[in-house]
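Could you put together the complete structure from these sequences and hints?
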Amino acid sequence: MNHLLTLAELSVDDVLAILHEAERFANGETWKVNKQTFVANLFFEPSTRTRCSFEMAERKLGLEVIPFDADMSSVQKGETLYDTIRTLQAIGVEAVVIRHPSDHYFEPLRHAIDIPIINAGDGCGHHPTQSLLDLMTIRQQFGTFIGLDVAIVGDIRHSRVARSNAEILTRLGANVLFCSPPEWQDTENRYGTYVDLDTAVKEADVVMLLRIQHERHDEKMGWTKEQYHEQYGLTIEREKQMKKTSIILHPAPVNRDVEIASELVECERSRIFKQMENGVYVRMAVLKRALQKGGTQNGYHIQTCALA
Amino acid sequence: MNHLLTLAELSVDDVLAILHEAERFANGETWKVNKQTFVANLFFEPSTRTRCSFEMAERKLGLEVIPFDADMSSVQKGETLYDTIRTLQAIGVEAVVIRHPSDHYFEPLRHAIDIPIINAGDGCGHHPTQSLLDLMTIRQQFGTFIGLDVAIVGDIRHSRVARSNAEILTRLGANVLFCSPPEWQDTENRYGTYVDLDTAVKEADVVMLLRIQHERHDEKMGWTKEQYHEQYGLTIEREKQMKKTSIILHPAPVNRDVEIASELVECERSRIFKQMENGVYVRMAVLKRALQKGGTQNGYHIQTCALA
Amino acid sequence: MNHLLTLAELSVDDVLAILHEAERFANGETWKVNKQTFVANLFFEPSTRTRCSFEMAERKLGLEVIPFDADMSSVQKGETLYDTIRTLQAIGVEAVVIRHPSDHYFEPLRHAIDIPIINAGDGCGHHPTQSLLDLMTIRQQFGTFIGLDVAIVGDIRHSRVARSNAEILTRLGANVLFCSPPEWQDTENRYGTYVDLDTAVKEADVVMLLRIQHERHDEKMGWTKEQYHEQYGLTIEREKQMKKTSIILHPAPVNRDVEIASELVECERSRIFKQMENGVYVRMAVLKRALQKGGTQNGYHIQTCALA
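Chains as they are written, first to last, in the UniProt record's numbering: chain A, 1 to 308; chain B, 1 to 308; chain C, 1 to 308.
To be clear, the hints were calculated from the coordinates, so they are not data collected in a lab.
As the structure is a computational prediction, the values presented were derived from the model and not from experiment.
Ideal Cβ placement from N, Cα and C applies to all residues, glycine included.
Check before you lean on any hint, since a few could be wrong.
Unchecked claim - Part of the chain C face toward chain B, derived, beta carbon under 8 Å:
hint, residue
1, Pro-46
2, Cys-52
3, Arg-59
4, Leu-172
5, Pro-253
6, Val-254
7, Asn-255
8, Phe-273
9, Glu-277
What the hints assert, rightly or not - 25 Å max Cα-Cα, derived DSS-like pairs, lysine-lysine:
hint, chain 1, residue 1, chain 2, residue 2
10, A, Lys-202, A, Lys-240
11, C, Lys-35, B, Lys-77
12, C, Lys-35, A, Lys-274
13, C, Lys-243, C, Lys-202
14, A, Lys-32, B, Lys-32
15, A, Lys-35, B, Lys-202
16, B, Lys-35, A, Lys-32
17, B, Lys-225, A, Lys-77
18, C, Lys-274, C, Lys-243
19, B, Lys-274, B, Lys-202
20, C, Lys-77, A, Lys-274
21, A, Lys-35, B, Lys-274
22, B, Lys-35, C, Lys-32
Unchecked claim - The following residues of chain A were derived to be distant from chain C, with all beta-carbon distances above 12 Å:
hint, residue
23, Ala-8
24, Leu-16
25, Ile-85
26, Gln-89
27, Arg-139
28, Gly-147
29, Leu-148
30, Asn-175
31, Gly-222
32, Lys-240
33, Gly-299
Below, the structure is given as structure tokens:
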């Protein structure tokens, strides 16, 4: 089954193949399913970016999206996730995209469900399409991952982005640096080296800021927003220390003037909105991969001129 | 007006015609509206199955579905259901599917609204498309209804499924048995005979389990889940007493290990997910019937090969 | 940028051009975008009419609507409206329709966002497409605005309809009368003359009733519904005093037997449901205008026979 649950399950070749396909979509190539094909997006947590991005990717592939509203679903009557997905499958849905607050919600589903599941985020676990769009954005800039220094800054411990990215970047040949308040360091994540922020900013080719996820913290954090910005945020002063060719990433939504100075969100080296654009292409590639079973081409390509 | 409000209003011939049409859809036949046609699904209660099933049926017929979110609608500002539907009609909607918590919500609408209304469930009243999909599933197994013993087990009194099914099954020539805790017997429903569960399980061709609808009970029920399962549930032991050719139905969502042992949900004689699949075909047939006014064919057939 | 934020920003010629285009759509003309084009509707307040009407208009133009659920969006995580719209733009959305509870929410966006924004209502501010559909309905009846007496009755102070309509009607040559409880008069709106209700009803060509917006009042109003109806409502007796050719408008949802006697909602001179029908045509015209940049025709016309 062509699930996409975590990047750790993919070989480097698989990852590069997805990035290659995404780049083709970015260059204007089109692929459409050749029969009416239904998918559903099951989002059990708030999301604008990821949800709209999947929807856009699906529509661009000619897929029909069956609306699913978690608040109005039978999950409210105690139905299990397995039964919900089996129901959608019985009705005719051919792939599901799921975001869920529980880490590894997909483990009981992995071998039990025989339509593709695409993980759009599991609790503090993984977020593979976010990682893929980060990788695509980095590769567009540098052409390679080998030897790049990538600094991941912020709440390393609770971030699915940090977890997914550090592992795959390391496998792709990049060198990962972590910067984090001591409370948010993640001793179980062995794919990065902790350094202080000013070192990281000066040395990194990519400064990847993590969002403070107020909604995932039971305890209050010990700083004001201003203090966090001063100590762990990308201030206007710090940005000036970055190397000429270095770029800024952030998974968004941005807490302006906390993780990053508001003026920098759309500065020349920021790729924050570029990441969102790339997200659509990456998700098109992932969906195409999921729907192509056993090598049969379940759609058709249209070669179009590049989009500028 | 081609409303579908209760099955009691349909003749046996009408019911059989819908089932026949549904079977054609199940065999791969297609019918598409031949102009842009808009419908809306007004769900004032949570639902996955019925809502997604209607949406799927609509899309398969080429209909465009105008999203309607009860929580974000003017019903929140006190608008009547009549005014809401008239509004949708003024805007260009040509049929509405409605689920509503009030029994017989449709009575003030029946003669006042001149676009078809399809009842997707009214309180403890009726749920005609659920009955139709049950009938379709039974007929696929036995080829007929005449002389079949159908046991309906559970909360007979609060169940719109029990109400709709007992009446139409009796008219179609089946023999209906009811099994229910004394508190949930329905003395007004004269279309079945109360028997004890073990008798029913042994004799019935169809064992139709009803969901415990916690959300419709003001009072607490007097049993634990384990006690209910032991006394009124289809346990693994009881399933072994069923006749070789008998089948199990459940309208879902299933409370696993309450109405039915979890291991039995997908057992060989279970038709629970088959019911959901049939639901799409039944709703396609009902929508087609609703949109064909005065004998004019408002669409076109495509004869395709059977879908296996 | 072809935003539509307030009617006050449009010339009389612009307004008449939109009305002319809407009338062509009402007469059965079709215009479709000639490539896959995405829009999003951002509704931060409940709405049936406006939301479904925009959705219908969009679908009729062949646009694809990316679902956006304010309750499940990152706005819940504190994202600014600017960042949300920029995100949608990055993802590929080419126009946004916004309803928001804050007056003038669009001011920080006006020069910062370079896809068209269509205002579907801002707090107690403006509601330009509602005004346009009122104008279209009036012009269908009288062929002109010059010299017409238009009475606007109700909560003048909190009504975005009153604000938008009084200004544009005056510019178009009509004479605006206001009727309002003293507490709800609006001394800053200089485009109308306060008269008593019975005078207005007798003299006006158009009696435009405003909805009592319970949801916008912090304080309780000093009357019962019956008292309001008696003093400021269109009772059955008052309707008899209207001129033969005069018409009744109401933006809906109607509070029946408060602003207007329930029996009058669909009386011969009521245009309340006609307004809703016209709303779709007006929104098609507005969306077409927004998507046609720099004179390039981003779609194609189909001349069809008139409907009706």
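Quick rundown of the hints versus the structure:
1. Pro-46: holds (5 Å)
2. Cys-52: holds (5 Å)
3. Arg-59: Where the cut-off is 8 Å and the nearest Cβ of chain B is about 5 Å from Arg-59 (chain C), the hint holds.
4. Leu-172: Status violated, d = 25 Å.
5. Pro-253: With a closest approach of 4 Å, the Pro-253 (chain C) hint holds.
6. Val-254: At 7 Å from the nearest chain B Cβ, Val-254 (chain C) passes the 8 Å test, so the hint holds.
7. Asn-255: Where the cut-off is 8 Å and the nearest Cβ of chain B is about 7 Å from Asn-255 (chain C), the hint holds.
8. Phe-273: holds (4 Å)
9. Glu-277: holds (5 Å)
10. A:Lys-202 to A:Lys-240: Measuring from Cα to Cα gives roughly 9 Å; hence the hint holds.
11. C:Lys-35 to B:Lys-77: violated (38 Å)
12. C:Lys-35 to A:Lys-274: holds (23 Å)
13. C:Lys-243 to C:Lys-202: holds (6 Å)
14. A:Lys-32 to B:Lys-32: holds (21 Å)
15. A:Lys-35 to B:Lys-202: Distance of about 45 Å is beyond 25 Å: violated.
16. B:Lys-35 to A:Lys-32: holds (23 Å)
17. B:Lys-225 to A:Lys-77: holds (15 Å)
18. C:Lys-274 to C:Lys-243: holds (20 Å)
19. B:Lys-274 to B:Lys-202: Satisfied, since the Cα-Cα distance of roughly 23 Å is no more than 25 Å.
20. C:Lys-77 to A:Lys-274: holds (21 Å)
21. A:Lys-35 to B:Lys-274: holds (23 Å)
22. B:Lys-35 to C:Lys-32: holds (14 Å)
23. Ala-8: holds (27 Å)
24. Leu-16: Its Cβ never comes within 12 Å of chain C, the nearest being 24 Å, so this holds.
25. Ile-85: holds (19 Å)
26. Gln-89: Nearest chain C Cβ is 22 Å from Gln-89 (chain A), so the label holds.
27. Arg-139: holds (18 Å)
28. Gly-147: holds (29 Å)
29. Leu-148: holds (24 Å)
30. Asn-175: holds (29 Å)
31. Gly-222: holds (20 Å)
32. Lys-240: holds (24 Å)
33. Gly-299: Given a closest Cβ separation of 15 Å, the condition holds.
Of the numbered hints stated above, those contradicted by the structure are hints 4, 11 and 15, listed in ascending order.
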